[in-house]
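Enquirer: Each chain, written out:
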Amino acid sequence: PSPALPRSRARSGGGERGHEGEAEDPNSEEEEETKQAMGSKTWRELAGDLKLFLWNREERTCMGRTATSWGLILLFYFVFYTCLAGMFAFCMYVMLLTLSPYTPTYRDRVSPPGVMIRPYLHGFTIAFNVSKRSTWQPYVDSMHRFLAAYDDKVQEEKNIECVAGRYFVQGGHEGEEKKACRFKRSLLQSCSGLGDPTFGYSRGQPCVLLKMNRIIGYRPGAGVPVSVDCKVQKGNESDLRSVDFYPGNGTFDLMYYPYYGKITHVNYTSPLVAMHFTDVKRNNLVPIQCSLKGEGIINDVNNDRFLGRILFTLSIGK
Amino acid sequence: IQLLEVTQHVETHKHIKSDDHKLSTEELEEKYGTSISKGLSSARAAEILARDGPNSLTPPKATPEIVKFLKQMVGGFSILLWIGAAFSWISFGIQFAQGAESPFDNLYLGVVLALVVILTGIFAYYQEAKSTNIMASFSKMIPQQALVIRDAEKKELPADQLVVGDIVEIKGGDRIPADIRLIFTQGCKVDNSSLTGESEPQSRSCDFTHENPLETRNIAFYSTTCVEGTATGIVINTGDRTIIGRIASLASGVGNGKTPIAIEIEHFVYLVAGVAISIGVLFFIISVSMRYKILDSIIFLIGIIVANVPEGLLATVTVSLSLTAKRMAKKNCLVKNLEAVETLGSTSIICSDKTGTLTQNRMTVAHLWFDDQIYSADTSEDQTTQPFDQSSQTWTALSKIVTLCNRAEFRPGQENLPVMKRVVVGDASETALLKFAEVVLGDVMDIRARNKKVAEIPFNSTNKFQLSIHETDDRNDKRFLLVMKGAPERILERCSTIMINGKEEPLDSEKAEAFQTAYMELGGMGERVLGFCHLYLPENEFPDTYPFDTDSMNFPTSNLCFVGLLSMIDPPRSTVPDAVSKCRSAGIKVIMVTGDHPITAKAIAKSVGIISATSETVEDMAKRLNVPVERVDRRQATAAVVNGMELKDMSLQQLDEVLCNHSEIVFARTSPQQKLIIVEGCQRQGAVVAVTGDGVNDSPALKKADIGIAMGIAGSDAAKNAADMVLLDDNFASIVTGVEEGRLIFDNLKKTIAYTLTKNIAELCPFLIYIIASIPMPIGTITILFIDLGTDIIPSVALAYEKAESDIMNRRPRNKSKDRLVNEQLAVYSYLHIGIMQSVGAFVTYFTVYAEQGFLPTTLLGVRVNWESNAINDFEDSYGQEWTKYQRTYLQWTGYTAFFVSITIQQVADLIIRKTRRNSIFQQGLFRNKVIWVGIFSQIGIALILTYGLGHVTALNFTPLRFQYWFVAVPFAILIWVYDEVRKLFIRRYPGSWWDKNMYY
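Taken in sequence, the protein lines are chains A and B. Residues 1048 to 1365 in the numbering used here are what the first sequence spells out, letter by letter. Residues 842 to 1842 in the numbering used here are what the second sequence spells out, letter by letter.
Some clues are possibly wrong.
[Said to hold, decoys possible] Below are the SDA-like pairs computed for lysine to any residue, each with C-alpha atoms no more than 25 Å apart in a straight line:
#	chain 1	residue 1	chain 2	residue 2
1	B	K1489	B	Q1524
2	A	K1309	B	P1698
3	A	K1340	B	E1717
4	B	K1825	A	A1132
5	A	K1309	B	E1709
6	A	K1200	A	K1309
7	B	K1344	B	E1334
8	B	K1012	B	I990
9	A	K1205	A	C1228
10	A	K1309	B	E1717
[Unchecked claim] Residues from chain A that keep clear of chain B, each with C-beta distances beyond 10 Å, as calculated:
#	residue
11	L1097
12	V1126
13	T1129
14	K1179
15	V1201
16	G1218
17	V1271
18	D1276
19	Y1293
20	M1302
21	L1332
[Stated by the list, open to error] Output of the computed footprint for chain B on chain A, the stretches with three or more beta carbons under 8 Å from beta carbons of chain B:
#	stretch
22	1133 to 1140
23	1161 to 1168
Rather than coming from a laboratory, the hints here were simulated on the basis of the structure. For glycine and all other residues, C-beta sits at the position ideal for the given N, C-alpha and C.
Bound-form chain A, shown alone:
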């Protein structure tokens, strides 16, 4: 009965095309179309059109499709997307088959190694007041947590003693479990937290641990151990008067390399270098850059401030 009825029928015919044959008088249809093309519709008509589009009682269509049509189209998409998903899964499966579970195919983006420090809480500023325990306790806790895996007992139990000064190359099948070398926290001496459980923070002489990122098969230094050096970055050199390095002279011993990946090298613990800042200017922000030094180490890439070096700030108050 509404004037919009024949018009929307003409439209639904266009949308679904299945009902074109049923359209009654071609003339009236044409006339309606002309009107449609010529006049702009009122809101009420639009609302009517929309209602009819959502549910057309006469044609029994919802959004221009009948139940059968909807069924078919949904079935089609179900089959189509299932096949596509299958194809995707198959491709991924084939791709994963080509991968080794022990070694990634390429290591060109991860090498040379980056560097990180501990304690690490929020950022690369270590700021505390010696007199206020609450300001340095979080750092100390973080160090203890991190060093738990390096407890002498744990290391003795899980790992073996290796020959220092040369790479610990383990032959045999790729999938065989690899042995890991002991790195006892006692090696860190005054930064081990054993003698001084506050890692020097209570005295204003904080320890910072430095670790080199793990890279499978990477042999740092090409026979000569990689060492660590720290200096003030862009500032008064005298702000940092003395740093002690443990173990040795702040080197990563060759025996901890190469790394064989987390599946076979289960108990691997990254070697560490502890830096004991025994004399740093107090009440001042001291920007420090610690860099790795050694053959094949890159530490001067502008965009990457963590590649072979690390920047952090010490701020020690009274």
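Take the given structure of chain A and dock chain B to it, following the hints.
Expert: Leaving out everything else, chain B in the frame of chain A:
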């Protein structure tokens, strides 16, 4: 009739208050402060020029350039991109204020987006300006000169320097430089066709003959041409105050709607913008509810918008259209407005002029009648011989009359031109006879020289005959030959004998009957018939010293010997019947609108096929059934010839009925004003109407029509200004080629859009999956822009060169409201079928790159927050290796590059499948469109340059990619091709099936 119409038309709008035609010369001199002998003084003229302005029509108001430019900046998708840029800057501002680490990324992104908008805007503006320029150069013709008397001297001045009161001299061939009151004429005739469309020359004199300034003979109008004779007159109106100027300004008042392609593109922009905004907002809400920061969500929103908007598409469409426009210009259709290219393709009714468009615009001898028999002559454009039987003695006699009783002459110096191309001085019929004689007999001028003319009476409307007396070239025959031609019935009256097979026989009633039959038959074909007769004057009565006196007619003008009839017509162009039948099969209705006589109009309509051989008009049916016209069922007649007089009395409903019920319609004796009514009637039927026109008075109709087509040769400037297209060769057949090109471009634009839309999904999915699965970003916003504006541009233009899949002139014109450029099927198939496939293929490459570097797919899920953290520089991968932030970012860029490369590779497949919509690629031919291959190579070339050449420029986020990753998506590219071939196969196999309905776009 025409002039009356103009008067009515003009007077209803602006009253013409002029009495210049009634004034005497002296009064005029006084009124305009001039002197007929001396003209104006230069100083006075300069004063008036300063007061009235130059004598030229003000061109239609042009939109200021800056407005045009700004329109390009905000039109189409630009708004969306501006919003994206604004968001980028806002988030930059917030991040900057918060002191975040790398806020400048967003600033740059905003700048890049703004640059994209500005550059595409400049490009579109440049394209438009270029196409406008074609037209501008076209309208700038050699400045017209006028011969003016000033300071008592004759001077050549540019016509735009003329002022009211100037005395100008005009001779045959000149264009009238202003509205002029004639004060001296000699055999002056003007062609008012630019004003009225009526090409019959009208004589002009100094006498005041009509109250109405438009009807009186002593005024010549600006822009009309003087055909012959000379005249001198006073300029009474200049520039926009001339009659033409008033009509031209009237035409600019007729509204001009949007072109169909503009509507389609708008529809498409709304559709894509709708998708972009709804997906953007949806995922904004999703990301906010997934506890992403508002700022991050806004950045996602920008990404989604950029991925969804086909930045390069509108520029591509413009380029495609202008390529077609160029192609059409080569085929003599000069398109002024780029969008008109497609409009022509959707045309469903063509209202065509007759003279010059359907016909050759020159009288040509079509039939001869002698020896009681009708012969047909060749009327084609390039005739060199005439094939009819020329052995009869009667023909010899007839040819002699045709040659001698003729005042037309060839302009000298054209001996090397083909006869049909030579310029002739003389009226249309005489020209036709002259050329006819030249073709059949050879050098007419020589024959005339050998048969010296001794006396002559030119044709006049009272006598209705032309007569001349000649010496003969036969030395033994001292008789004079009197030859005469004229209106057949008048000639016959003067004859007592008739020549049959070279012998004079008495003209009895039987022979007179035969004459009548032949005359009726030729007249019924809409031809202009002339009768020819001669008489050898007896030697004894008329010795060679006889003083012939044409005033007293001291020679016989009756009892002559009738020789034959010649009939002439302006014949159809030879290409037209073919073009009309093409229109018919293309579902385009051709309506002839002419000022000519209905019989002539109908005859031409029949001969070109506008009225097909089998169909009848109501009058024909009445004649066949032998019943009065009123009793015939009008619906049964397919053809109709409507007289302008009938049209005048018709109501709109009656006109609609005529247009609706008859498929073959001829409007005869119509004025250009009625053309507007006819156009409006056709538009009421929902048709896309193309109209041809040449006169100034046609301009309202040209403007009103969906596509106005002006004649390049015969058309007036006003018509060309009002039209959307100019036919350089005035040929109807060129319109049909234009229609073909227009339809092709519509199809090809569909392909271009389908191609372009497809990859939007492959660009969008990364964002959606990034948000939902928190994987590292698969593709960057900048990278997307490099696809949209880099690799994809040339291929999408290349699709414009695709040949038609089937005979596009065998289907009906598209229905404006149903056959959309971008329909549901196209969008769905591009987005949800091919687009999804592309996304899957690209994701396979993405996961492969990450997995081979150490991040297995399972590790990647949910990794986003840590992955993007600047503080985490020992991020562990699936193998236990540790990565710094920058190493991860670099890997992420490698992922971008891999994703980009996969999309490019799959777009090659997409490009190939889009070559056809229904046919197999192998039917269409892989190598027929060479430009596609240019596209493919450019696509791959640009990708190679970006990856390996610019791989080290960090700002672009490309990295050199291992070569094998180029091939990861190849299986998916092949899948796309195979899938589409299967789709097309089913469409061809099962037309009308569910598959066809849902899959054919």
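Enquirer: Hint by hint, note whether the structure agrees.
Expert: Evaluated hints:
Under the criterion of a C-alpha separation no larger than 25 Å, the hint pairing K1489 (chain B) with Q1524 (chain B) is consistent with the structure, at around 19 Å. The suggested pairing of K1309 (chain A) with P1698 (chain B) holds, with an alpha-carbon distance near 17 Å, which does not exceed 25 Å. With a C-alpha separation of about 23 Å, the suggested pairing of K1340 (chain A) with E1717 (chain B) holds against the 25 Å cut-off. Straight-line distance between C-alpha atoms of K1825 (chain B) and A1132 (chain A) comes to about 23 Å, which keeps the hinted pair within the 25 Å bound.
The straight-line distance between the Cα atoms of K1309 (chain A) and E1709 (chain B) is roughly 23 Å, inside the 25 Å bound, and the hint therefore holds. Distance hint between K1200 (chain A) and K1309 (chain A) is fulfilled; the C-alpha atoms sit about 22 Å from each other, no more than 25 Å. Simply put, K1344 (chain B) and E1334 (chain B) have alpha-carbon atoms about 20 Å apart, close enough for the 25 Å limit, and the pair holds. Proposed proximity of K1012 (chain B) and I990 (chain B) is supported: the alpha carbons are some 15 Å apart, at most 25 Å.
For the hint linking K1205 (chain A) to C1228 (chain A), the alpha-carbon distance of about 9 Å falls within 25 Å, and the restraint holds. A C-alpha spacing of about 10 Å is found between K1309 (chain A) and E1717 (chain B), which places the hinted pair at or below 25 Å, so the restraint holds. With a cut of 10 Å on Cβ distances, L1097 (chain A) stays outside the contact zone with chain B, its closest approach being about 15 Å. Once the 10 Å rule is applied to beta carbons, V1126 (chain A) is consistent with being away from chain B; the minimum gap is 12 Å.
No beta-carbon of chain B comes within 10 Å of the beta-carbon of T1129 (chain A); the shortest separation is about 12 Å. Distance check on K1179 (chain A): its Cβ is at least 24 Å (rounded) from any Cβ of chain B, clearing the 10 Å threshold; non-interface status holds. Every CB of chain B lies more than 10 Å from the CB of V1201 (chain A), the least distance being 18 Å, so the non-interface label holds. With a closest Cβ-Cβ approach of about 20 Å to chain B, G1218 (chain A) is found to remain outside the 10 Å limit, as its non-interface label requires.
No beta-carbon of chain B comes within 10 Å of the beta-carbon of V1271 (chain A); the shortest separation is about 22 Å. At the 10 Å boundary, the C-beta of D1276 (chain A) stays outside the reach of chain B, the nearest C-beta of that chain being 19 Å off. The non-interface label for Y1293 (chain A) is consistent with chain B: the shortest C-beta to C-beta separation is roughly 20 Å, beyond 10 Å. Under the 10 Å C-beta cut-off, the non-interface status given to M1302 (chain A) relative to chain B holds; the minimum distance is some 18 Å.
With a cut of 10 Å on Cβ distances, L1332 (chain A) stays outside the contact zone with chain B, its closest approach being about 16 Å. Counting residues of the stretch 1133 to 1140 of chain A whose CB lies closer than 8 Å to any CB of chain B gives 4, so the stated coverage by that chain holds, three being the minimum. Counting residues of the stretch 1161 to 1168 of chain A whose CB falls under 8 Å from any CB of chain B gives 4; the rule of at least 3 is met.
The structure agrees with every numbered hint stated previously.
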